[in-house]
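A.B. asks: Listed below, chain by chain, are the residues.
Number of protein chains: 2
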Amino acid sequence: MLLVKLGGSVVTNKEKLKAARPFAITRLAKEIAVAREDVILVHGAGSFGHIKAKKYGLQNGYSKESQLQGVAEVQEDVRSLNLHIMQALREAGSRPVSIPPGVIVRFKGGALSSMQIEPFHEYLALHMMPVTFGDVVLDSEWRFAICSGDDLMLELSKAFSPRKCLFVADVDGIFTGDPKGRKKHTLLGKMSGKDVDKVNLAVRKGVDVTGGIEGKLTKMLKAAEFAGECWILNGLVPGRLRDALLGRRFIGTKVVS
Amino acid sequence: MLLVKLGGSVVTNKEKLKAARPFAITRLAKEIAVAREDVILVHGAGSFGHIKAKKYGLQNGYSKESQLQGVAEVQEDVRSLNLHIMQALREAGSRPVSIPPGVIVRFKGGALSSMQIEPFHEYLALHMMPVTFGDVVLDSEWRFAICSGDDLMLELSKAFSPRKCLFVADVDGIFTGDPKGRKKHTLLGKMSGKDVDKVNLAVRKGVDVTGGIEGKLTKMLKAAEFAGECWILNGLVPGRLRDALLGRRFIGTKVVS
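Going down the list, the sequences are from chains H and L. Per the numbering used here: the first sequence = residues 1 to 257. Per the numbering used here: the second sequence = residues 1 to 257.
Hints listed in this document are in silico derivations from the structure and should not be mistaken for laboratory results. Certain hints may be false.
[Claimed, not checked] Here's a subset of chain L near chain H, in silico, CB distances under 10 Å, partners left out:
1. Gln69
2. His127
3. Met129
4. His185
5. Arg248
[Said to hold, decoys possible] The list that follows gives simulated cross-link-like pairs (lysine to aspartate or glutamate, EDC-like), each with its CA atoms no further than 16 Å apart:
6. L:Lys108 <-> H:Asp243
7. H:Lys108 <-> L:Glu122
8. H:Lys164 <-> H:Asp243
9. L:Lys54 <-> L:Glu15
10. L:Lys18 <-> L:Glu76
11. H:Lys158 <-> H:Asp195
Keep in mind it's a predicted model, so treat the numbers as computed, not measured. Quick reminder that beta carbons are idealized off the backbone N, C-alpha and C, glycines included.
In isolation and in its complexed conformation, chain H is listed as follows:
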C-alpha cells in the first residue's frame, strides 16, 4: 500500500485565498493514476484552510461564538478544494472516495485522539481510493481543532504500515539552508531525527496554522517508523511522484526514523 500526501503548497498557492493550482492537480492526478498498488491519498488545505483559520483564530480551539461561522466556512472551503481534487483523480482514471476528518477524526486538547480506520479499509476492499484532507475537527476539550494533513499521514501510517509513505512538497526535499534563499544550501539525501537541528526546511511565505516546520518534521519522522520507506519529494517537478510510485529513481530526501 502507498500512502501519499499532496502538500497544501503543491495543490494551492498558499499566499492567495482559495487559489488552487489546477494544472499541478491535473498532472499529479495522472501521475497517481499509474500506481500499481492501492493508494490512500491525503491532501493539505493550503490557502483554502490556513488563511481563514487564522482570521477566525481556529488553531487554538473555541474562545467565542463567532468562530463557529468560521468553522462552517473553513470546512466548506476545504471541501471545495477536495471536490476539485476528487474530480481530477476521477478524470485521470482513479476511483476516489472522500473521507472527511470532520466526521471521522476526534482531537483532545489540540492533538489527535482517535480516527476511524474502517472506512479506509472498506473502500480499499472495494478497490476504490480513499482520499482525506486537512480539516476542522471536533475536539473534546477545545470543542474544535485543526487537523493537518501530516496528522492524518502519521495516523494512517500507523494503521496501514504502508510500503511507501510519500510527502509531496513544493521543494526537492530537506535542505541544510533555505532552498529559495541566496545562501548556500544542500539537499539532504537522507534525514533522521538527529539531523533535525541542523536542517532548515524551506521557510515558505504564506500562513500555516498547523504547527510550523518542527511539528511537520516530527510527524514525518514518526510516520517513517511505521512505513517501509518514507520520502519528501517535489511535486511541482513533473514525473517525480510518478517515479516514486513506480519504484524508479527520483530526487528527494529519504526520512529515516
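Given chain H, put chain L in place with the hints provided.
C.D. replies: Relative to chain H, chain L alone:
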C-alpha cells in the same frame, strides 16, 4: 429539535442532469435560518444522483467492476450539490456542517443496517447544523447501495424524536389524484397508513432509483411514529417551510402513524 428534508425535486430539476434550482435553494436556506430550534437538515440527490445511478445500475448493488467508476462519480456529484446547499445555508446565517452517509451509514442487502449518530449529537452540541444527503453507501452484502434522503429521515427521526419532521416536496402534500394531471384531485389534510391505498402522490417525471412512491410513503409513516408531528409540504411556494418551522398555519398534509 426540527428535522427537515428538502426533497431532490425541490433543490434540483429532476429531469435534467445536475441541474440545481439555485433560487429555490437560496430562498429555502433563508427560511430555515429563521428557525428558533436546533435543525438537522437532509436533502435529496435529485438529478445529481438518480440519473447516473440508473445509468450505472447502482440501485441493486455490485454486479461489475465498471460500476465503481459510477460510485465515485455519483458520490462526487452529490457532494457538489451538497456544497452548493451548504454555501446557501451559511450565507443565510446558519452554521452548517456536512455529514456524508458514504462514511457514516452502512447498508445490508439494500436496507440501512447502521448509522453513526454521534457526529449529529456532537455538532448540535457545538450549535452547528448537521446536514446529510442521499448518497452511495457501503453495503455488507451488495458491496454498495443507494441511501435515500427518506432512509436518513427515518433513522434520524428514530434517534432524535424530533418535535417536527418536515418533508419538503414540490407538491402541496398528498393527493387522492395526480395534482398535475387533469382529473379531479383533492389534497388530504391528513394521511395515515390506512389511506395509502387510495392516495396517488404526484407521479413526477424524471428518474428515481430509491424505491418509488410506496417506499417513500412507508418511510414517512414510519418516521412519523417517532416525531411529535410529521408533515409533507410544498417547498416551491415561498414561506410555507418558514411558517411550518415557526409553528404558524400552513398548507400541507399531516402524516399520522
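A.B. asks: Run every hint past the structure and note whether it holds.
C.D. replies: Against the structure, the hints come out as follows:
1. Gln69: Status holds, d = 6 Å.
2. His127: Since chain H brings a Cβ to about 6 Å from L:His127, closer than 10 Å, the hint holds.
3. Met129: holds, 8 Å
4. His185: With Cβ-Cβ at 41 Å, over 10 Å, it is violated.
5. Arg248: violated, 28 Å
6. L:Lys108 <-> H:Asp243: It is violated: about 41 Å lies between the C-alpha atoms, which goes past 16 Å.
7. H:Lys108 <-> L:Glu122: holds, 14 Å
8. H:Lys164 <-> H:Asp243: holds, 12 Å
9. L:Lys54 <-> L:Glu15: The hint holds at about 13 Å.
10. L:Lys18 <-> L:Glu76: holds, 11 Å
11. H:Lys158 <-> H:Asp195: Status violated; Cα separation ~23 Å.
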